[in-house]
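Asks: At position 143 of the sequence shown (counting the first as 1) the number is 143 in the working numbering, and the numbers step up by one without a gap.
Worth flagging that the hints you see were computed from the coordinates, not collected in a lab. This structure is a prediction, so every number in the text was calculated from the model and none was measured. Worth double-checking, as some hints may not be accurate.
Stated by the list, open to error - Distance condition first, Cα-Cα at most 25 Å in a straight line; then the derived DSS-like pairs of lysine-lysine:
id: 1; residue 1: Lys29; residue 2: Lys57
id: 2; residue 1: Lys135; residue 2: Lys125
id: 3; residue 1: Lys125; residue 2: Lys47
id: 4; residue 1: Lys47; residue 2: Lys26
id: 5; residue 1: Lys135; residue 2: Lys57
id: 6; residue 1: Lys107; residue 2: Lys57
id: 7; residue 1: Lys47; residue 2: Lys135
id: 8; residue 1: Lys107; residue 2: Lys125
id: 9; residue 1: Lys108; residue 2: Lys125
id: 10; residue 1: Lys47; residue 2: Lys107
id: 11; residue 1: Lys57; residue 2: Lys26
id: 12; residue 1: Lys56; residue 2: Lys108
id: 13; residue 1: Lys135; residue 2: Lys29
id: 14; residue 1: Lys29; residue 2: Lys47
id: 15; residue 1: Lys47; residue 2: Lys108
id: 16; residue 1: Lys107; residue 2: Lys135
id: 17; residue 1: Lys29; residue 2: Lys56
id: 18; residue 1: Lys108; residue 2: Lys135
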Amino acid sequence: MRQLFAFTLTIILAATLTTDAWAQGKPRKVSSHRDWDAMVAGSGSNKVCYVISVPKKTWISRSGASRGDIYLTVTHRPAFGVTDEVNVVVGYPIRQGSEARLSVDGKKSYQFFTEGRGAWAYDPKDDRSVVAAMKAGANMEVRATSQRGTNTRDTFSLSGFTAAYNAATRACR
1 MRQLFAFTLT IILAATLTTD AWAQGKPRKV SSHRDWDAMV AGSGSNKVCY VISVPKKTWI
61 SRSGASRGDI YLTVTHRPAF GVTDEVNVVV GYPIRQGSEA RLSVDGKKSY QFFTEGRGAW
121 AYDPKDDRSV VAAMKAGANM EVRATSQRGT NTRDTFSLSG FTAAYNAATR ACR
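Could you build the full structure based on these sequences and the hints that come with them?
Replies: Listed below in structure tokens is the structure:
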């Protein structure tokens, strides 16, 4: 059941992201806040607002393994009724059927389903919980495993997250 839900959600997300990206045009930076940027793409009913950051530290279990872009976003898509969608892109194909684990300040931990190079919360309630923890936290750690079994750990600073989040939220009103 969990895999069916993840597969269905992935198809919906892929269709939404493809349609959104085509309709939005180039994203523009609303503002920068320490380690986070607030961004907006599109206008009117196609507007998408998000915050984005890259990790301050990365660790990889296999020497010489390469990775692509690594980033963390929190997105609002008002036209679809989506707020606080947390997404992590880890820079490699994630092992099929595995989960990514996010933790804020080593205290609260969240399991995310994975597809391709990304990870998402199983439920929008989890997204809201993660965002609340990010607002109160200093660092977020993301752990995942590649198709080849390589383990990674990425640490994102949460400095500036709340200000960037508020700017992105205002931009989508």
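Asks: Compare the structure with each hint and give your call.
Replies: Now for the hints, and whether the structure bears them out:
At most 25 Å may separate the alpha-carbon atoms for a hinted pair to count; Lys29 and Lys57 meet this at roughly 24 Å. Among the hinted pairs, Lys135 with Lys125 is consistent with the structure: their alpha-carbon atoms are about 16 Å apart, no more than 25 Å. Our distance criterion of 25 Å between C-alpha atoms is met by Lys125 and Lys47, whose separation comes to about 22 Å. Proposed proximity of Lys47 and Lys26 is supported: the alpha carbons are some 11 Å apart, at most 25 Å.
At most 25 Å may separate the alpha-carbon atoms for a hinted pair to count; Lys135 and Lys57 meet this at roughly 20 Å. A C-alpha spacing of about 19 Å is found between Lys107 and Lys57, which places the hinted pair at or below 25 Å, so the restraint holds. Annotation: proposed proximity of Lys47 to Lys135 holds, straight-line Cα distance about 24 Å (limit 25 Å). For the hint linking Lys107 to Lys125, the alpha-carbon distance of about 18 Å falls within 25 Å, and the restraint holds.
The straight-line distance between the Cα atoms of Lys108 and Lys125 is roughly 15 Å, inside the 25 Å bound, and the hint therefore holds. A distance of roughly 34 Å separates the Cα atoms of Lys47 and Lys107; the hinted pair therefore is violated under the 25 Å criterion. Of the supplied pair hints, the one linking Lys57 and Lys26 is violated, its CA atoms being roughly 28 Å apart against a limit of 25 Å. For the proposed pair Lys56 and Lys108, the alpha carbon gap of about 20 Å is at most 25 Å, so the pair holds.
Restraint check: the Cα-Cα separation between Lys135 and Lys29 comes to about 20 Å, which is no more than 25 Å; the hinted pair holds. In summary, the hint linking Lys29 to Lys47 is supported, as the alpha carbons are separated by about 13 Å, within the 25 Å threshold. The hinted pair formed by Lys47 and Lys108 fails the criterion: a straight-line CA distance of about 32 Å is larger than 25 Å. At roughly 14 Å between alpha-carbon atoms, Lys107 and Lys135 fall within 25 Å of each other, so this suggested pair holds.
Straight-line distance between C-alpha atoms of Lys29 and Lys56 comes to about 20 Å, which keeps the hinted pair within the 25 Å bound. Of the pairs offered as hints, the one joining Lys108 and Lys135 holds, with about 13 Å between alpha carbons and a cut-off of 25 Å not exceeded.
Violation of the numbered hints given earlier is confined to hints 10, 11 and 15; the remaining hints are satisfied by the structure.
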